[in-house]
Amino acid sequence: MRAIDQEICALLKVRKIGGMELLFKEYYKPLVVWGATFLHDTQRAEDVVQDFFVKLWEKSLADNLLPDTLKSYLFTSVRNLSLNQLDKIDPLARACDVARYESPWEEYDSFEDEVFRRIEAEIEKLPPRTQEIIRCVYLKGMKYKEVAEELGISVATVNSLLVKALKTLRQQAENKDEIAVYLFFLEKSLLSSQ
Amino acid sequence: MMGQNEIDNKLLLYLLDEADDTGRKEVEVWLEENEHNRAYFREFQRVHLELRWGVYAREVQPDFNSFRRKLKKRLGMRIWYSVAAVLVLALSVGGALLWHTGEQPVQVALEQTIQPGKPQAVLVLSSGEKVEMGEIARQLEEQDGTSVRVSEAGSVSYQSTQEKEGTEKDLGKMMNRLLVPRGGEFNLTLSDGTRVWLNAETELLYPVRFNGKQRVVYLKGEAYFDVAKNEEIPFIVQVEDVSVKVYGTEFNVNTYEGVETVLVTGAVGMKQGGKEVLLKPNQKGIFDKSKDGIRVEDVDVLPYVAWKDGDFIFRNESLGSIMDKLSRWYGLEVFYQNGELCDVHLSGNLKRYKDVQELFRSFEKISDARFNVKGNTVFISKL
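Protein chains in written order, with the working numbering: chain Z, 47 to 240; chain R, 9 to 391.
Isolated chain Z, as found in the complex (with noise of 0.2 Å):
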């Protein structure tokens, strides 16, 4: 049990809004990062994370949390409600995206700051080409042909650079030993698969 989940948890439940302060500090950015996994929309993921905290204010539900469990209650609604929000969007996205997610990404575990920064550094890095590629596909949704036009390159070198992209990404994982976490979880879920 975290010490900061067990100040939040007491302050909340004497409705200090101080304790809304440290949710809104620790979870905020981790929670609109998570309803975005689902919804493919960070300003979406804003809002829905935003109402959530609301009602959890408004509604008491504070009075129930348990530090134990407070940050697999706040990852697990999120989800619920980013995907009741997609729903209402578009009923087809769920079916024929998020079932790929339902892998060992679920374990949020390691969803941390830490792990954004060192991502956000990651990205920084690349070349200023390959960033705006990555803008365009996972920040304003646009397909690879709208891309490939407005930046004046074939789709084919779209991909490519992203894959590379992805290939940096995955060595600096390798070289962080963070790929042990991703093999304990594989392992995990190997054996639960058979």
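Hints listed in this document are in silico derivations from the structure and should not be mistaken for laboratory results.
C-beta: ideal position from N, C-alpha, C; glycine also.
Take these hints with a grain of salt, some might be off.
Said to hold, decoys possible - Some, not all, of what chain Z presents toward chain R, calculated at C-beta under 8 Å: (1) Ala-82; (2) Leu-102; (3) Val-183; (4) Tyr-184; (5) Leu-212.
Start from chain Z and add chain R according to the hints.
Only chain R this time, still in chain Z's reference frame:
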């Protein structure tokens, strides 16, 4: 077999839904081949997801203050306002207690249950000197020789002496101010013998002795007046531009929202903007800034004046109004789950010095409002 680059290319196209039917089929067949391929795909997928996370994370700029504003907007201004007010008061009360007792500050700080109000007020003398009045008797003297007696039962009375008759002109305008905080009440006997009961969060400005053709006092908050009879010198309660003119009588004036006068006995006139309306006993005159003129209604006076005898009596009154009154006396912070709850109408009685939770429990029996109390905070939700 495909080389690693080729595989990566196809996997990415597949993940981004950019692959054509042939490409998709190829990947699916490749995944079927062996566990090694599936493991490779999972790792590829993870790194791909991490890249997305990094991109998203760069976009998110957490801003608690703007979220706080949103929260505020959603829950309504009123709640936040009352939180602020109570915090300030709680601080000042806590400070005063610490200062007076000094011995066991820890216990004072830990006290968190709902406490009823008590007799307390601040008297501002004509010199500007402030006198804290609690449950201690004391004797003061104004500059014109008028004696000011504070009793231990929470009342202050003025007794004019006739000795300094000659200086009366200069001192005629000497005013005193009585401030009753949230969670307080106080009684006052003016120099003409008029008795005034001041409710919580009330301020009364009045002359040390009455001179001239009128007896004028200035009110903010709620007070019950038992006016000493003097047909030659009318008694006037002034509330901003509304004046309540009295011809020997008992009545209650409340200015918490607009100006509300309830007449018990005698006769009063309510005057605003040059128009005067006469009230009869068991009538209520209301002046609301948003509407023009003074409205008159027949009422049962008891619920309006019961506070002076130590009771809360609510008769088919909106929960919003009930909680406002209770908050002033018990120093509560009130949160409503939704705004509609304010309009629920309820009835009930309570002794002012009793536990307010008794009343909440009886409200729960007759309505679907639910009261959840933590410290001085009351959350009202719908069943």
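**Report entry** Proposed interface contact between Ala-82 (chain Z) and chain R, which counts if any beta carbon pair is under 8 Å
**Finding:** holds, 4 Å
message = Hint Val-183 (chain Z) vs chain R: min CB-CB distance below 8 Å?
response = Holds. Min distance 7 Å.
Item to complete: Identify whether the interface hint at Leu-212 (chain Z) stands, where standing means a beta carbon of chain R within less than 8 Å of its own.
Response: Since the shortest Cβ distance to chain R is 5 Å, the answer is holds.
For the hint on Leu-102 (chain Z), does the least C-beta distance to chain R fall short of 8 Å? For Leu-102 (chain Z), the interface hint is violated, since the closest Cβ of chain R sits about 10 Å away, which is over 8 Å.
Notebook entry, point to check: Was the hint right that Tyr-184 (chain Z) lines chain R, CB cutoff 8 Å?
Noted result: holds, 4 Å
Hint 2 from the earlier list is the only one contradicted by this structure; the remaining hints agree with it.
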